[in-house]
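Student: With the hints as extra help, turn the sequences into a complete structure.
Residue numbers (the UniProt record's numbering), protein chains in the order written: chain A, 1 to 297; chain B, 1 to 268; chain C, 1 to 417.
For the record, the hints were derived by calculation from the structure and aren't laboratory data.
Nothing here was measured: the structure is a model prediction, and the numbers come from that model.
Possibly wrong hints are sitting among the right ones.
What the hints assert, rightly or not - Only part of the chain A face toward chain B is listed, based on derived beta-carbon distances under 7 angstroms: (1) Ala13; (2) Leu27; (3) Thr35; (4) Val39; (5) Lys102; (6) Val109; (7) Ile122; (8) Ala123; (9) Phe263; (10) Ala268.
As the list claims (entries may be wrong) - If you anchor each label on the Cβ, the simulated ranges turn out as follows: (11) Asn41(B) with Tyr416(C): 51 to 57 angstroms; (12) Asp111(C) with Gly57(A): 47 to 53 angstroms; (13) Pro59(B) with Glu52(C): 20 to 26 angstroms; (14) Thr186(A) with Arg6(B): 27 to 33 angstroms; (15) Lys192(A) with Ala182(B): 31 to 37 angstroms; (16) Pro52(A) with Asp111(C): 43 to 49 angstroms; (17) Ile197(A) with Cys169(B): 49 to 55 angstroms; (18) Lys303(C) with Thr28(A): 34 to 40 angstroms; (19) Asp150(C) with Ile142(A): 26 to 32 angstroms; (20) Ala182(B) with Ile142(A): 49 to 55 angstroms; (21) Gln41(C) with Leu188(B): 40 to 46 angstroms; (22) Glu344(C) with Glu49(B): 33 to 39 angstroms.
In this text, a Cβ means the ideal position worked out from N, Cα and C, and glycines have one as well.
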Amino acid sequence: MPDLAALRRRRQAIHGWLLLTPTLVMLTTFAFYPTVATVWTSLFSRGTRRRPTEFVGLENYQRLIDDPTFWLVAKNNLIYAGVTIPISIVLALAMALWANSKIPARSFVRTAYFTPTVLPMIAAGNLWLFFYTPGFGVLDQIGALFGAPSVNWLGQPETALWAVCAVTIWKEAGFFMIFYLAALQTIPPDLKEAAQIEGASRWAYTRRIVLPLLMPTTLFILVNAMINSVKLIDHLFILTKGGPSDASKLILYYIWENAFAFFDAPAAAAMTVLVLGVLGALAAFQFFVIDRRTHYR
Amino acid sequence: MNVLHRIEPFLALLLAVIWISPLLFAFWAAFHASTDAVNFNLAAPWTLENFRTAWDGAPWLRYFLNSFLLVTSVLIGQFLLTTLAGFGFAQVDFRGKDVLFVLVLLQLFILPEVLIVENYKVATRLGLLDTILGIGAPYMASAFGIFLMRQAFKSVPKELDEAARIEGCSLLGVLWRVYVPAARPTYLAYALVSISTHWNNFLWPLVVTNNESSRPLTVGLSIFGAPENGVDISVISAATVMVIAPLLVLFLVFQRQFVQAFLRAGIK
Amino acid sequence: MLRHAPAALMLAAGTALVNPAQAQTELTMYYPIAVGGPLTQVVDGIVAEFEEANPDIKVNAIYAGNYDDTRIKALSALNSGEPAQLAVMFSIDAYDLIEQDLIVPFDDVTDDAAWLDSFYPALMANGQIEGKTWGVPFQRSTIVAYYNKDMFRAAGLDPEKAPTTWDEMVEMGKALTTDDHYGLMIPSTGYPYWMFQALAIQNGKELMSNDGLTTYFDDPAVVETLEFWKSLSVEHGIMPEGTVEWGTLRQAFLEGKTAMMWHSTGNLTAVKNNASFDFGVAMLPANERLGSPTGGGNFYLFKDSTDEEKAAALKLIQFMTSPEKAAEWSIATGYMGVSPAAYETDALKAYTAEFPPALVARDQLEHAVAEFSTFETARVREGLNNAIQAALTGTKSPAEALAEAQAAAERLLSAYR
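Tutor: Structure representation (C-alpha cells):
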C-alpha cells in the first residue's frame, strides 16, 4: 500500500515536470540565460580591430558612472516615471468612476478612453507628431486661436520630455481604467444604498468606501505602471530620438543606442544589469509587500 | 459639491473628446491633401491620394502578412506552453513546484525588452534572426499567461476531473476534455490581450529583423515614416490609419468582448 | 494551425516565384532613401534593369530607412552572419567601417583607375582614407538654400538675388520675417552637425583634421559660428527659437512658414513637385569664404563575400553610378549627378536647361569640403549634435557646450592616435 502511494507521488512529480519542461526551456533560453549572460558581457571590453575583447572587471560600470549622459538619462527616466505614473493612475481612476456612473453618452466615453490602448505606440507617435509640429501642428493652431505664441514642443529641452510623457499618459490611462472598472464592478451595490440611507454624500461614499476598496487594484496598477515607465519608449523613435541634446532620452532607448547604433554591447550590458537590479527590487516589493497585504487574508 | 456634480458629465465628455481627437485628426488628415490638412481647411475635398502614395511606398501587404503570422504563431506557442504549465501548477502536486512558480513569476520582471542585447545574441545563435519565430519566441513562455491559466484551471470543479478520470482519460486527456473547454473564456480574454500586444510590439522586432521578409507592420511604419528628408504629414497619417485600421475595426466590432477580456485578464 | 497553413503556402509559393532554380550570384544590398514614397520604386526599377542585363546576378535591394537605420541594419546583418555584399551608407561611415574591419577598398577589386577618376573629386574625399578608395559616390548632396521668390517680392527684395553673405542673409531675413512666417530656417535636428559644418566652413574653419583623429570644436572661430547660428533667432529674430525639425522643414517651407530654408539638395525634386509658389535655389552665403560640406551616401563593398560576389557587386555599382543612371537618379531626386559625364548626358542636359536650379549643387561643389567624419564617428557626432542643440535651446552657452563636446571627442579619439 505505501508503495502505491509513493508510486503515485512519483508519477505526479514526473507529470508535473513534464508539463513544465517546455516552459522552463523557453524561460531559460530567453530570460534566465540572457540575464546571466548580460552580467558576463558587462565585465568585458568591446572588441575592435586594434584591440580584442578582454576581461576588464567593473570598468564598464566605472565608465557608466563617469558618463554624464547616463546620469541625465537616468534622471529623465525618473521624471518620466514620476510624471506618467501618478497622472495616469489618477486619470484612470476618474475615467473608471465616470465610465461606471450614469452619465450621458457613456458608451462613447468609455470607447474614447480605451481606444488609444489598442494602438501601437509607433502609430501614437505619428499621430502626436502632427499635434506637436511647430507652426502648423494642431496644438500650435489651437494656441494661435487664443493668441498664444508658437511653441516648439519637441524641439526644446524644457518641453520635449513632457511632450513624450503626454503621449504615454494618453496611451496608458485608458488601459489602467479597465482594471479599475473591473474592481468597481465587484463592489456590491448594497454598499452604496447603505451609504445613501446613512445620508453620506457621493463624495464621502467615494472617499470612505470606494477608494479603500480599490487599494489592491491601485497597487497592482502601480507595479504595472512602474514596469511601463521602463518599457514604453517606442514613441521616442518617432518623436524625438531622445533629443534635443538628450533631454528626452530614456534608459531603454540609451541601451538600444549603445548596443545597436554605437555597437558597444558591454556598455549596454552594464546598463541592462542596473535596470534589472531596479526591476528586481520592484519584484521584491511586489512579492513581499503588496502580495502579503492584499492576497493573504 | 453640487456644482461639481453638475459639471462632472461635461468633464467626462471633454476628456473623452480630448482622448479621441488625435485619432480623429489623423483620420481626417489622411483623407485630405497635406496643404489642406495643416491649414485646417475643413471645406477641402476628400481624397484617397495619400493612401495611394502610402500604399506604393512600402510592401504593406507583406508587412500585414508578417504581423498576422507573428500574432498567430505567438498565440499558438503561448496557448500550448501556458496550458501545460498552468495545468501543472494548478492540478499536479510535486516537490519544487513553489520554487518553480516563483521562477516563472520572476519573468514578469525580467522584461524581454530589457534583455534585447543578449536575446539578440541568442536569436543569432539559434538562427532566428529575420524570422517570425525569432520575433515571437521570447514571448511564448508568458508568466502572465501561465498565471491566468493556473487561476482558470483551479476554479474547475473537482467532480468533473474525477468523472473524466473514472472514464479512463489520461492526464492530457483530462486536460483536453475537461479543463481546456472550461477555461474557454480565459483563452478568449488572453488571446485578445496577446494579439493586441504583439500586433503593437516594436522594439524587439526592430532589433531582430533586418529586412522586409519578416518585418512586422510597426517596424515597417517606423521606417516608412523616417526617410532622409522628411515626409508628407498626410501620407504619414494615411499609412498610420492603414496600420491601425484592422485592430481598430476588430476592437470596435468586438468592443464588449474586448473590454470584458481585459476585465477578466485584470482580475487576479 | 489550420489558419496558419494557407499563409505558409502563400509564402512558399511567393518564394518559389522569385527564386528560379538556376545557379546565379545573389547579392544583398541595403540602402536608405531620401524622400518617402516612390523612390524605392526608382531603385527597384534600376535594379530590375540591371538584372535583365545580367541574368546571372540576382539582387535583393533592401530599403532600411534613413542612413542611421541602414547602417544599423546592414551591420547587424553582417555581425550575425547574414549575407550582405554591398550597401549604400553614409559617406562618413567609412572610418567606422574600416575600424570594424567590414569593408574592402575598391582598389582591391578593380584596377580600373579611369572609373575611379571619373567622379567629382570632392565627392571622393570622404571615401579616400589611408591612400585607398573605400567608398564610391551614389546619392550625394550639398546643402543649398531654397527661397520663396513670392515672399522676396512681397518684401520688396529682388527675387533673383538670394543672400550671398551672412550680413545680407541677416538683413534680408529681417525684411522677410513677418507675423505669419520666419525669414530663415536652418534645421537643427536630424543632422545638426552638417548644417553647423557648413556655417563653420563659411566662417573659415574646418571642424576636423583630414585623418579623422582631431576635432576643433573649441576653436574660437567655431564657437563664434555657433554664436552666430544662435543669434539668428535670439538676436535677429529671423528664425524660430529652439530647434528646427529636419523632417518637417520641407513641409514648413512648402506651407510658407519660412521664406528661406537650408536643406539637402536631395529635396529638390520633392520641392519642385509640391511648391505652389515660385521658388529659387542658391548656393549658401559666405562669411570668410563660400562653402558647404558634401553629404549623402556612398557605395561600400563588404569584406565577407566571395570573389564572384565582389565582382558582381562591383558590376552593380558600376551600373548604378554610370552617367545614364546617375542622371536618372539625379532627376528623380535632386541628388547630384556624381560624375561630370552625367551632366553631359542628353537626359540631364535637357532637364537642367529647363530647370536650372538643378545645377546649383554641382556648381557649389567647387567650394565643397568633405563631410564631418572621424573615428568613433557616431559618438563624436552625437556629442557635437548635442552641443549644438544645447546651445540653440539655451541650456548651455555655445563656448561651454562646444568645450564639453571637444573634451568628449578627445576622450574617444585618444584611443586611435
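Student: Which earlier hints can't be squared with this structure?
Tutor: 4, 5, 9 and 16
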